[in-house]
Amino acid sequence: TQLLEQSPQFLSIQEGENLTVYCNSSSVFSSLQWYRQEPGEGPVLLVTVVTGGEVKKLKRLTFQFGDARKDSSLHITAAQPGDTGLYLCAGVSFGQGGKLIFGQGTELSVKP
Amino acid sequence: GAVVSQHPSWVICKSGTSVKIECRSLDFQATTMFWYRQFPKQSLMLMATSNEGSKATYEQGVEKDKFLINHASLTLSTLTVTSAHPEDSSFYICSARDWGLPSYEQYFGPGTRLTVT
Chain X
1 TQLLEQSPQF LSIQEGENLT VYCNSSSVFS SLQWYRQEPG EGPVLLVTVV TGGEVKKLKR
61 LTFQFGDARK DSSLHITAAQ PGDTGLYLCA GVSFGQGGKL IFGQGTELSV KP
Chain V
1 GAVVSQHPSW VICKSGTSVK IECRSLDFQA TTMFWYRQFP KQSLMLMATS NEGSKATYEQ
61 GVEKDKFLIN HASLTLSTLT VTSAHPEDSS FYICSARDWG LPSYEQYFGP GTRLTVT
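So the sequence lines, in the order shown, correspond to chains X and V.
If you read the first sequence in my numbering, its first letter stands for residue 1, the second for the next number, and so on.
If you read the second sequence in my numbering, its first letter stands for residue 1, the second for the next number, and so on.
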């Protein structure tokens with residue numbers, strides 16, 4: 001069974017601080033996605049990384065895909081209260097018809 | 001971007017009854033749809049994968065006779081929770097993808113909150 005270990009599961013920080021969320025696996029993924037989810041809503045795609053070593057930036061968010069395509073990280077610079085939410089990483093395995101393997105999620109709370 | 005809708009957005013039903021949840025792709029043909037279940041403060045758990053015109057593939061531990069999935073058209077999949085019990089109360093989310101697109105391109109619905117009393 002493929003697993004994607006996401007950490008930390010809970011994070012409470014002050015506005016302006018930086019943070020990093022990690023997703024690690026022993027399996028190789030064809031791609032990895034990061035989502036953000038608000039309570040009572042479906043996940044919203046933030047980014048997809050496909051190439052090993054790839055780095056993508058989305059304003060204050062930086063996403064990295066490991067060289068071996070087994071791990072990824074999300075770094076948020078100068079967090080704001082609006083960043084509060086559940087962050088989910090999800091990997092797509094080769095030959096699985098697009099089935100996503102989700103990490104456990106990181107509940108982020110940014111206090112003003 | 002592609003849009004996936006779910007109906008209803010929330011439903012309350014009595015224990016022992018069945019409830020049907022619809023997942024529709026509004027502007028693309030969804031050859032594959034996925035059904036997830038999510039408990040509060042937790043991640044999404046894949047329940048089953050459905051391909052249009054064929055039987056759904058259920059994940060280990062998911063009762064196929066309890067969670068009936070039908071994917072009869074390229075734009076609609078339904079999940080029926082049969083003989084619902086309070087422990088079936090959860091947030092159910094579907095996602096859809098078009099086979100012609102990269103495997104990572106799938107779009108999530110807004111979810112359906114099921115409460116069984």
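A few of these clues could be false.
For lysine to any residue, the following SDA-like pairs were computed, each having C-alpha atoms within a straight-line distance of at most 25 angstroms [claimed, not checked]:
(1) X:Lys-70 with V:Gln-42
(2) X:Lys-99 with V:Asp-98
(3) V:Lys-41 with V:Thr-75
(4) X:Lys-70 with V:Gly-53
(5) X:Lys-99 with X:Ser-12
Calculated from the structure, these hints are not laboratory results.
Keep in mind the model is a prediction, meaning the values are calculated, not measured.
Structure-based check of each hint:
no.	hint	result
1	X:Lys-70 with V:Gln-42	holds, 22 angstroms
2	X:Lys-99 with V:Asp-98	holds, 13 angstroms
3	V:Lys-41 with V:Thr-75	violated, 30 angstroms
4	X:Lys-70 with V:Gly-53	violated, 34 angstroms
5	X:Lys-99 with X:Ser-12	violated, 31 angstroms
Of the numbered hints listed earlier, those contradicted by the structure are 3, 4, 5.
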